[in-house]
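Enquirer: Each chain, letter by letter, is given below.
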Amino acid sequence: MASDKGDGQKLNIFGHLARWFTLPRFFFATGLTFFLTGVLFPFYWMISSSFKSYAEIGSRRPVYFPGELRLDAYRELFDPSNPTFWNFGQNMLNSFKVAAPTAIIAVILSLLGAYAIARLRFRGKEALLNGVLLVYLFPAVLLMIPLFAMLTKIGGALGFGVQDNLLVLILTYLAQTLPVALFMLTNYFKSIPAEIEQAGLIDGCSRLGVIWRITIPLSIPALASVAMYTFMIAWNEFLYALVFLNSPEAFTVPIKINMIFNDPTPRPHVVMAASTITTIPVMVLFLALQRFLEEGLTAGSVKG
Amino acid sequence: MFGLPQEGVDRSFSRRWNSLRARESRLAWILTSPTALIVFGLVIFPAFFSGWMSFHDVSLRNLGNVFSAPFVGLENYRDVINNWAFRFHSWRSWGAAVTSVVYSVLSTGLTVLVGLVAALLLNRKFKGRGIARAVFLFPYIAPIVSVAFVWRWLLSPRTSGVLNDLLLRLGAIQDPLSYISTRGLALIIVIAFTAWRYFPFAMLMLLARLQAIDGTLYESAAVDGANGWQKFRYITIPELRYVLGAVFMLRLIWTFNKFDDIFLLTGGGYGTNVLPILTYQFTFESFDFGKGAATAMILLGILLVFLMFYLLVFVRRGES
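Residue numbers (this note's numbering), protein chains in the order written: chain X, 46 to 349; chain G, -12 to 307.
By construction, these hints were calculated from the structure, which means they are not laboratory data. Yeah, the Cβ is synthetic: ideal placement off N, Cα and C, and Gly gets one too. Among the hints, a few may not be true.
Label pairs and their computed distance ranges (CB to CB) [unchecked claim]:
| no. | chain 1 | residue 1 | chain 2 | residue 2 | range |
| --- | --- | --- | --- | --- | --- |
| 1 | X | N307 | G | T169 | 16 to 22 Å |
| 2 | X | I265 | G | V292 | 39 to 45 Å |
| 3 | X | E294 | G | A199 | 36 to 42 Å |
| 4 | G | Q161 | X | M328 | 34 to 40 Å |
| 5 | X | Q208 | G | S6 | 48 to 54 Å |
| 6 | X | E294 | G | V292 | 41 to 47 Å |
Covered by chain G, per the in silico footprint, the following chain X stretches (three or more residues, Cβ under 8 Å) [said to hold, decoys possible]:
| no. | region |
| --- | --- |
| 7 | 133 to 139 |
| 8 | 232 to 240 |
| 9 | 277 to 283 |
Throw the hints in and build the complete structure from the sequences for me.
Expert: Rendered as structure tokens:
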């Protein structure tokens, strides 16, 4: 299939025949259908189920199409007057409070670091870059234990609680995302010709002036994709939030969904509504910035 | 310089301090230090600290005062290795170490295979290819919690589970199965889920390489009368070999480290208890931080074996 690259090339008569009736075409169509169904069906199920009624959820056979677009599940999540109100808005706010600062700080810090690695000569540059990338091979569970112990100790000494502290989460997410942010931006800066900046330097700009006036405007797409990628990681993260958050008011969205899922009375439609609400922002952001993001993904970004 | 020692040293020092080069490297250190501080402070140092903890008896009691924790030597390691959840018992219960290796190798293999097929599909020109490509990435970027719970519901043991419903209608099974709480089936499900979720990563990397293959190779093969399969076998695969190896290795390491997927799908039960989950259980369920750290160190040890193997086999072969 991959070899079918001869479009517009000269082919003999058998080649033409082979191009029109063939197994490859059949396989291709089947394969594509298979993949699209396999990928999309779970998402269809998630979104459609969020509109189902409790009766539809509890029926003997699965209901493939909800009878009507009921908002019961969403009311449970967001409507304070509902008997089983989950206060999900608070959790979305928490997630946003963690993800947005992570994204902003990661962009600023990795911008500075990546500029230095791409443009300036200094000793230990390679060691720094390799050391930072090595982080990617460490298992999160290995770091979780000492981080918990360390932060408990530091927190005890400085008088802040480690549990339910969103700041602690931001810090750990930064540690997780900075390496790739740095890597992505370094590669990007290397692709901008240094001559443009040298012109600025000759005109009397300082280094920081050059970064501000020349480098940043030139790398808006790359910066946006780093922001998006770090935001996504922080928004989706599960393990550290599970370990560091204790009270439902402080939960980020993934932990709250986990809690709703483990509720003694199963309410899958509410879980699906919460999942839909959580997934849609990520999808929209992704589709909007898809082209830039893919470069990040292939750079090994979303460690997962 | 040697003539006037005092003044000379001073001047050369200040010249060096102010030289362009020195100013540049000072600026570089200022610019990189926040990143370096966060990354090394929160990753490299904790990694060593974890090693230290694995030789000490750290529990919730002395967590606030970790450094006074009593040294216990290899006690934690011995306990973990002799622990029921860790050890290989029989063909029916593997223990976390063997399960981890089996799970990560099989699921990574499947991930790369599915990713390769997807990449080959998308390597063809067709209408809507851009959209298809974006859609294929959905499983990879969606929050893990959402997709894991959708899967759990699709695989529900009741007749209202979609997979049960389909298989019952097709007559493939007589009674509904409980996929997630049956030994063996649970492991297969977890492997399938991992492949479903992570194939887009392999797909992107392979697609990038596929599109870089020189088209004239295929043309000259066609002139020589090669059929599609032969072109695939003798051109595409050799061209992809290096990327295949790299993707496999990267995914293997990440899958081996992965906690969320299995935790959310099965909670580590029914023969799917892997090392990261065992680490979590020791640490945050029985609050034995020392044993948790020891488990994590064993995990890291196996990881290093994988890495050495990769370096020896792929990188060396690539050089020669």
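Enquirer: Hints first: check each against the structure and report whether it holds.
Expert: Verification of the hints:
1. Hint check: N307 of chain X to T169 of chain G, Cβ distance near 21 Å, so the stated range 16 to 22 Å holds.
2. Restraint check, I265 of chain X to V292 of chain G: a C-beta distance of roughly 44 Å satisfies the suggested window 39 to 45 Å.
3. For E294 of chain X and A199 of chain G, the hinted distance range of 36 to 42 Å is not satisfied, since their beta carbons lie about 51 Å from each other.
4. At about 39 Å, the CB distance of Q161 of chain G to M328 of chain X agrees with the hint of 34 to 40 Å.
5. Range check, Q208 of chain X to S6 of chain G: Cβ separation about 50 Å, and the 48 to 54 Å hint holds.
6. For E294 of chain X paired with V292 of chain G, a C-beta distance near 44 Å keeps the hint of 41 to 47 Å intact.
7. Counting residues of the region 133 to 139 of chain X whose beta-carbon sits less than 8 Å from any beta-carbon of chain G gives 0, not enough to reach three: the coverage restraint is violated.
8. Figure legend: the region 232 to 240 of chain X, annotated as covered by chain G; annotation inconsistent (0 residues with Cβ-Cβ distances under 8 Å, at least 3 required).
9. Coverage of the region 277 to 283 of chain X by chain G holds in this model, with 4 residues showing a Cβ closer than 8 Å to a Cβ of that chain against a need of three.
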